[in-house]
Structure formats: C-alpha cells, structure tokens
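> Single-letter residue listing:
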Amino acid sequence: MKGLALAAMTVVAAASAAEIAPTDRRSGYDFAGPETRAMQDDDTANPGMLWVAQGESLWATKAGAVARSCADCHDNAQTSMKGVAARYPAFDPALGRPVDLEQRINRCHAEHQQAEPWAWEGPELLALTAFVAHQSRGQPIATETGGAQRPFLEQGSQLFHRREGQLNLSCSQCHDDNWGKRLAGAVIPQGHPTGYPIYRLEWQSLGSLQRRLRNCVIGTRAEPYDYGAPEAVTLELYLMARARGMSLETPAVRP
Amino acid sequence: MARVLINLPTRAKRGEVIEIKTLIAHPMETGYRLGPTGAVIPRDIINRFTCTYNGQEVFRADLFPAVAANPFIAFFAVATESGELAFSWTDDHGETQTEVRQITVE
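If you read the protein sequences in the order shown, they are chains X and C.
First residue of the first sequence: 97, per this note's numbering; consecutive thereafter.
First residue of the second sequence: 13, per this note's numbering; consecutive thereafter.
Heads up, a few of these hints could be off.
Computed list of chain X residues with no C-beta within reach of chain C, every gap over 12 Å [as the list claims (entries may be wrong)]:
#1 Ala117
#2 Leu146
#3 Ser153
#4 Lys158
#5 Arg183
#6 Cys204
#7 Gln209
#8 Glu212
#9 Arg278
#10 Ser301
Just a sample of chain X residues kept apart from chain C, beta carbon distances all over 12 Å, derived [stated by the list, open to error]:
#11 Arg121
#12 Asp138
#13 Asp139
#14 Pro143
#15 Ala161
#16 Ala163
#17 Asp168
#18 Gln174
#19 Arg193
#20 Ala223
#21 Glu240
#22 Glu250
#23 Asp322
#24 Ser343
Selected chain X positions facing chain C (Cβ under 7 Å, derived; list incomplete) [as the list claims (entries may be wrong)]:
#25 Ala149
#26 Gln150
#27 Met177
#28 Gln300
#29 Gly303
For the record, the hints were derived by calculation from the structure and aren't laboratory data.
Where a beta carbon is used, it is the ideal one built from N, C-alpha and C, also for glycine.
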C-alpha cells in the first residue's frame, strides 16, 4: 500500500515537472522555417487570407429563412469580434458544455439566420471562422478556466495526459516532454493552438484545430473523435487554457 | 469565380519599378493522385497566368502540376503610364478568370 502511494506520488511529480514553464512556451511559428514564417507575416502572400476574404464577404451576406447577415446583428466585426476567438471554447449555458468557435458560429447560423448548418471543414465554416478569429490577431489567449468550464478543462487535461492508440502514446509525451526534438524529419512543437484555423502546407488548404487533432490521434494509431465531439472540444479547451496569454496569429501558416 | 488577392501600389512615379503580388484560390489537382475509391482524380490546374498593362502583355507564366495549391505569383513591372492592369488565370477547362486593377502614374 505504501509502495503504491509512493508510486502514485512519483507519477504526479513527473507529470507536473513535465509541464512547460510559461517562459519556455513557444508558438508553432517559432519552430517553422524562415520561408514559412515569411509567408505568414506577409498578408499579401499568406494563402489563409483567401479564406479571411471569403469570410468577410459571408459576414455581410444575408442568409437563411430570415434573410439576415452576421453584420445585421454584430455590426462591424473589427470591433464586435475583437478578442472573441481568444476566449473560445466558451461555456454554453443552453447546452451545458463548452462549444468551440466553429460550433458557436454554426449555431448562430442555424438559430439566428435559420439556415442549414454548414458542414465541418466546409469552405463556408472555415472562412467565417478564419475571418472572426483574424479579428483577434495579436490578442492574448484568455479562455475561461474557472466556473462551469472547470470540470471540462479537467476532462481535457486527462485526455491530454492519457496514453492511447496502438502506439500507447499520450499528447503530453510528445508536446510536454519531447518538444524541440525531431519526429522523423519534423520538429515536435509544443502544441499550442495559437493560429487556428491554420493554413497547413501539408494540407494545401486551411483547416481547423479539430482536423489537426485528428491527424495527431491517427498518428498514435487511435480512433479519432468525430468532428464536434464533446471530447474533442474539451481537448481544445485544455490546449487553449495551456496556451493562455500567448498571442493569436490567425491565419497562421504551418508546415 | 475563384477568390483572388492582388496587391500592387495604387500610385507610382513614372519609371518606378513596382512589385505585384497575386494569390488565387485553386486546388491545383495534379492528376496523379488517387481518390478514396482508387480512381485517379482528374487533373485540374491553372496552366497559364498573364498580366497585361493597358492591353500590352508584361508578364506571362506557364504552370505545371508540380505547382502547389492556391498559386502565389509575384513579379515586377515598370510603371510607365496611368491605366489598368488585367490579370488572367486560365485553367484546364479552358476557362479564364480576369481581374482588373487601376494604377495612377504621376
């Protein structure tokens, strides 16, 4: 019994020791090559801006049964959406659980515009999410970690630290313990969601954080969560809380 | 209509060398990839880009399947006179999309 308790204490100590100190935290941007960083820094060369531009036109387009545009309620996105993406996933009292930015936009689209919800990873949802998140560029991530979000944050933390898949790997083993080292040819980043939706050169397209998480989960040879699954959102929540205070870069460019 | 971002100065001095940057949303499907059923995804790329300055061609590029999706093309031109620059992208279906931008030369 005493041995067990000691073992448990050692595990806890190892887990907390592995967490990245705030001063050591680095965005994926810092691990990217100079060409990729240059592509992100120049809005006229950043292909993610194509989606932002599409989102800007969607913002002003009347849609759904009530023929209402986002701008009709939310007015100018530059002011009304500034800092909003930095606070997601946020708790939704009606659902009783956190929702991410894509889910919030799609719910608004379905309820207030009374339109067909957009498909996950579809061009419209990605574009509008990119446009809204772009308004928070440079803002520090400020996701709520207390109150009603607390139990979900803990669930997300458990998922992050839990070994899974045929390779029996947890997220933490790569992104807390071995960041900066190489997995085959690629540098392992710390896994901070600072620039989503991101333009990923491997995808040749813009993609959401959930799509990126699916890549990682499949990499451990585990079954990925469905798009919008509560587990995926709690994992997003944990990642955003882990990156609290870091600047948003949307749309980021990553290899 | 594909989404396009074009960046060039709206005003320039006569004889000034200006940089023009263009981005267009396009999958640039190579024709070498297989779809989920194992069938080849047909080739669909932009194969030609041209820029004319008041009707005169100043830049042209042929594109091939190795060019990545959402092609970014940047080039330089000499600002000679006020007028319009027309940018055209032609795809494998023979369809051309043209965008026009104005420049004032003083």
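> What hints, given by number in increasing order, does this structure fail?
2, 3, 10, 12, 13, 14, 20, 27, 29
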